[in-house]
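Using the sequences and the hints, build the whole thing.
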Amino acid sequence: MENKIEIKNVDKFYGKKQALYKINLTINQGMFGLLGRNGAGKTTLMKTLATLHQKKNGSITVCGVPIENTKEIRSMTGYLPQDFSMYPTMTVEESLDYLGILSGMTKDARQKRIDVLLKRVNLTEHKHKKVKALSGGMKRRLGIAQALLHDPRVLIVDEPTAGLDPEERIRFRNLLCEVAEERIVILSTHIVGDIEATCEDIAIMNNGRILWQGTVSELIHNTDNKVFTVNVNKKYLTQIKKNYIVTGMLVQSEYTTVRIISDMKPDIQGVTTAEPNLEDAYMYCLYSHGCDVSGGAV
Amino acid sequence: MLFFKEYKKMLFSLTFLIYFIAVIAMYFTQFHNDCKEAIYEPLPGQESYGMIAKETPDILMPAATESLVNGYLSDSYTAYPIGFYKNVHLSEKKKQKMAEIITEISGISKEDLDNFTNYEEGGFYIDENGGMMQLESNIPEINIPKALTYERFRELMRKADDIIGGGSEYSDENIVGNFSLVQKTYEDALTEYNKFLNEDKITGAYARLFCDYMGIVLAILPVFVAVSLASLDKKSRMEQLAYSRKISSVKLIFTRYFTLVVLLLIPVAITALIANFKVCGMYPNNSADIFAIFKYSASWLIPNIMTAAAVGMLMTELTSSLLAIFVQGVWWFISIFASANGLTGSIGKFTLVARHNSLYGLDTFMNNFNDFVFNRIFYTVISIIAIALTAFIYEQKRKGIFNGYSFRFKISKHKS
Ligand SMILES: Nc1ncnc2c1ncn2[C@@H]1O[C@H](COP(=O)(O)OP(=O)(O)OP(=O)(O)O)[C@@H](O)[C@H]1O
Ligand SMILES: [Mg+2]
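Protein chains in written order, with the numbering used here: chain A, 1 to 298; chain B, 1001 to 1416.
Keep in mind that the hints were calculated from the coordinates and are not lab data.
Treat each hint with caution, since some may be false.
[What the hints assert, rightly or not] With a cut-off of at most 20 Å between alpha-carbon atoms, the simulated SDA-like pairs for lysine to any residue come out as follows: (1) A:241 x A:255; (2) B:1146 x B:1058; (3) B:1399 x A:83; (4) B:1008 x A:106; (5) B:1399 x A:69; (6) B:1399 x B:1250; (7) B:1278 x B:1200; (8) A:241 x A:252; (9) A:235 x A:267; (10) B:1246 x A:61; (11) A:107 x B:1255; (12) B:1095 x B:1139; (13) A:119 x A:135; (14) B:1349 x B:1162; (15) A:17 x B:1405; (16) A:127 x A:94; (17) A:17 x B:1402; (18) A:107 x A:151; (19) B:1005 x A:87; (20) A:130 x B:1007; (21) B:1234 x A:17; (22) B:1234 x A:53; (23) B:1195 x B:1362; (24) A:130 x B:1239; (25) B:1246 x A:111.
[Unchecked claim] Sample of chain A residues facing chain B (criterion: CB under 10 Å; computed from the structure): (26) 74; (27) 75; (28) 107; (29) 150; (30) 174; (31) 245.
All C-beta atoms in this analysis are idealised placements derived from N, C-alpha and C, irrespective of residue type, glycine included.
Structure follows, in C-alpha cells:
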C-alpha cells in the first residue's frame, strides 16, 4: 500500500455556505504543514480527512483506502481536534485507557502504549491527575498522546501548538518530527515558525482554496530579491505601510528598521536586499494571490 | 471492557446519585410504609370482609344501566380504547343507537330521554349541620323490564361498548369489575387468603404492590440519568475524540445503553432485597417464595427502565437538548392519569405504567396476564428499536451528515 493521501476536486458545504473549493492535494509520508489564517478552511479540511465531515464532490483516498470506508480510515487515523477536552473527572491515565478501548486495543497493548506515550509527552508524573486539573498545555499534550495511542499511520493535528509555552512548543515539534518518520503527519497552524521548524511540504490555504503547494524552500525561493530592509525615520512609516507589505519593524532611537516585501526594488534611499524567510514568503504568497495583507504581521 | 469503563463513568455521576436516592426514598415512603401489618387468616363471623367483583346479574344490571343512562344524558363516556384514558362523546347517529339500547334495558322511552333536560350529575352539598351530603343523581326512573334476560343484557352492553369505541366500562373485560362489586363472604375471604398463601406464596402479592410503586418512578427517573449520560461527551467536549475512533456506533451505543440499564437496576435490586426481608419477616411462620419479588421486578420493572432510558438517549442524540425529559414527563403523566381510576390490574396492552395497587386481586391480574406479557414485551422491543435508531443517528452525526435538530434549551453551545 502506498503511503500517501490523495485529495481530488473536493468541495465542502456548511449548509449553503461553501467552505472548501476544488481542493487538490497529494500528501506524502513525513510532515505536511497546512498554513492559513483564521477561517481559511484548515479545520474543515482536516475534519473531512478524519471522517467527521462529508465532502460534497471529489474523492479522497488515504493509503489507497477511499474515505467512505470510515471504519478502516478511523482505525488508521489519529486526530487531535483544535478544540477538545475529556471527561473532567477521569484521570489522565483513565482517559487514555478509555479512548484506547474505543480504538479496539487490548488491555496489554493499552498499558504498554500509554506508559510510552505519557513519557513521550512528559505527562508521566501527572498521570493520576484529573483532566479538569490540567493546564491548557498539559491538556494539549494529552491530546497528542491520545491521537498516537493506536499507532495510526496518519496523524492529523489541528493547531497543536496553540497555548504551549516555548519550551513545550519545541519539544512538541520534535515529537511530531520523530513521529513523522514512519507516518503521514498533517499539521495545521497559522504560526509560521512551527512550519519552518518541522515541515518539508506545505500548502497555503485561504478562503477555502489551496493557494500554493510545494516545499518550504521553493516557497522561499519565490520571494528571492523581493525582500528588503531599510532604515527610515518614524514619520515615513505610515506612508511605507501604505505602499508596501511590511513584515517586520524594529524601532530604534533615531530610526526604525523596516522589513518590506515588494515585487520591485522600492525607491527609498538606503534600501538593501535581504534574505527571505518563510514568513516573508507566506505573506508574499497571500499578497500575490490578491489577499489583503496590509495589516502587517501574520 | 468498555462496559466497566462506562459503568465507572456513570456510577460516580451526580445524576445517578440523585436517581439512586430518589428510588430508595420512593421505596421507604411508599411500599415499606405500607407493610405494617401482616394479612391474617379471616375468621368466621366478621362484620365485613371487604368487596369483591363477582358476576351477579341482580347487582350488575341496575348499576350498569344507571351508569349508561348517566353517560347518555351527559354525553360523556369513559373509555380506555388503547389503554389511555379517553372521554368519548357520541355523534347524533350513534346517540340514536345508544338511545335504543337504553330504552330496551331501562324502560325509559325515547321521548322521556329526549325531553329530559334538567340533568344534573350527582355532586355534593353541605347540609345545615356542616356535613357533606351526596346529591342524588337526577335521572329518570329506571325500571328494568322483567322480560329482559341477563344474556340479552350483556349482548346489549357489548353493543354499547362498540358504539363507544371499545375499552369502555361496559366491555366484557371491565363490566364485572366495574358494576358487580359485592360483599365478600367468609368463604370468599378464605379462598382469597389461601390463594395468597399457596399461589402467591405471600411474596407474590407483595411483589405486585412493590412493582406498582416502583414502576411509577422507574418510568420517569431513568430519563434524567440517560440524558445526562447521552450529553456527557458533548458537555465534556470530547465528541470529536470519540467520533474519530474505530469502534462501531452500534457497539458503542448498545454498550452504553446496556450499562445504563444495569446501573439503573442497582437501587431496584437493593430495594427488592430489603422488601424481601421485610415481607418474609412479617410472616415468620409461613413459607414464602424468596424469588417472587425478583421475578416480578425483572419482568415488570426492567421494561419501564429500558423505555425511559431509551427515550432519554434517543431524544438527546436527536436534539442535543433536554427535550427527552419533557417528552418522557408528558408520557409518564398521561400514563399515570390513564390508570388512575383502576389501580388494580389496570394493565392495558399499551400503558407504560402498569398499576396494581393492592395485595389482593391475583385473579384480576391473572385475567389480564396475557395483556401484561404483551405489554412488557412490547416496551422491551420498542426500547431496543429506539436504541438501534440512536446508534444510527450517532453514526450520522459522527460522519457529519446530520448535526441534530436544534432546540432553544441547548445543553451546551456547539463548538468548532
Ligand atoms: N459548523 C460550521 N457551520 C458553518 N460554517 C462553518 C462551520 N465551521 C466552520 N465554518 C466556516 O467555514 C470556514 C472555514 O472554517 P475553518 O474552521 O475550517 O477555518 P480554520 O482555517 O480552521 O480557521 P482557524 O484558524 O480559525 O481555526 C469559516 O468561514 C467558518 O466560518
Ligand atoms: Mg481551525
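Hint by hint, here is what the structure shows:
For a cut-off of 20 Å, the pair hint linking residue 241 of chain A to residue 255 of chain A stands: about 15 Å separates their Cα positions. A C-alpha spacing of about 12 Å is found between residue 1146 of chain B and residue 1058 of chain B, which places the hinted pair at or below 20 Å, so the restraint holds. Distance restraint check for residue 1399 of chain B and residue 83 of chain A: the Cα-Cα separation of roughly 18 Å lies within the 20 Å cut-off, and the hinted pair is therefore satisfied. For the hint linking residue 1008 of chain B to residue 106 of chain A, the alpha-carbon distance of about 19 Å falls within 20 Å, and the restraint holds.
Straight-line distance between C-alpha atoms of residue 1399 of chain B and residue 69 of chain A comes to about 11 Å, which keeps the hinted pair within the 20 Å bound. For the given pair, residue 1399 of chain B sits about 14 Å from residue 1250 of chain B by alpha-carbon distance, which is consistent with the 20 Å threshold. Under the criterion of a C-alpha separation no larger than 20 Å, the hint pairing residue 1278 of chain B with residue 1200 of chain B is consistent with the structure, at around 16 Å. Under the criterion of a C-alpha separation no larger than 20 Å, the hint pairing residue 241 of chain A with residue 252 of chain A is consistent with the structure, at around 17 Å.
Proximity of residue 235 of chain A to residue 267 of chain A is assessed by CA-CA distance (about 17 Å); at most 20 Å being required, the pair is judged to hold. Taken as a hint, the residue 1246 of chain B and residue 61 of chain A pair is honoured in the structure, with Cα atoms around 17 Å apart against an allowance of 20 Å. Our distance criterion of 20 Å between C-alpha atoms is met by residue 107 of chain A and residue 1255 of chain B, whose separation comes to about 18 Å. For the given pair, residue 1095 of chain B sits about 17 Å from residue 1139 of chain B by alpha-carbon distance, which is consistent with the 20 Å threshold.
Restraint check for residue 119 of chain A and residue 135 of chain A: the C-alpha separation of about 17 Å stays at or below 20 Å, so the hint holds. Only pairs whose Cα atoms come within 20 Å are accepted, and residue 1349 of chain B paired with residue 1162 of chain B is accepted, the gap being roughly 18 Å. Restraint check for residue 17 of chain A and residue 1405 of chain B: the C-alpha separation of about 19 Å stays at or below 20 Å, so the hint holds. Proximity of residue 127 of chain A to residue 94 of chain A is assessed by CA-CA distance (about 8 Å); at most 20 Å being required, the pair is judged to hold.
Under the criterion of a C-alpha separation no larger than 20 Å, the hint pairing residue 17 of chain A with residue 1402 of chain B is consistent with the structure, at around 16 Å. Taking the CA atoms of residue 107 of chain A and residue 151 of chain A, the gap is near 15 Å; set against the 20 Å cutoff, the hint holds. Taking the CA atoms of residue 1005 of chain B and residue 87 of chain A, the gap is about 12 Å. The hint holds against a cut of 20 Å. Restraint check for residue 130 of chain A and residue 1007 of chain B: satisfied, since their Cα atoms lie roughly 18 Å apart, inside the 20 Å limit.
Restraint check for residue 1234 of chain B and residue 17 of chain A: the C-alpha separation of about 24 Å exceeds 20 Å, so the hint is violated. For the hint linking residue 1234 of chain B to residue 53 of chain A, the alpha-carbon distance of about 17 Å falls within 20 Å, and the restraint holds. With a C-alpha separation of about 8 Å, the suggested pair residue 1195 of chain B and residue 1362 of chain B falls inside the 20 Å cut-off, and the hint holds. About 18 Å separates the Cα atoms of residue 130 of chain A and residue 1239 of chain B, which keeps this hinted pair within 20 Å; it holds.
At most 20 Å may separate the alpha-carbon atoms for a hinted pair to count; residue 1246 of chain B and residue 111 of chain A meet this at roughly 18 Å. For residue 74 of chain A, the shortest C-beta to C-beta distance to chain B is roughly 5 Å, which falls under 10 Å, so the interface hint holds. Below 10 Å, beta-carbon pairs count as interface contacts, and residue 75 of chain A has one with chain B at about 4 Å; its hint therefore holds. Annotation: residue 107 of chain A was flagged as interfacial toward chain B, and the flag holds, the nearest CB pair being 7 Å apart, inside 10 Å.
Given the 10 Å rule on beta carbons, the hint for residue 150 of chain A holds: about 7 Å separates it from the nearest Cβ of chain B. Violation of the interface hint for residue 174 of chain A is found here, the shortest Cβ-Cβ separation to chain B being roughly 24 Å, above the 10 Å cut-off. The criterion of a C-beta within 10 Å of any C-beta in chain B is not met by residue 245 of chain A, whose closest approach is roughly 30 Å, and the hint is violated.
Going through the hint list in order, the structure does not satisfy hints 21, 30 and 31.
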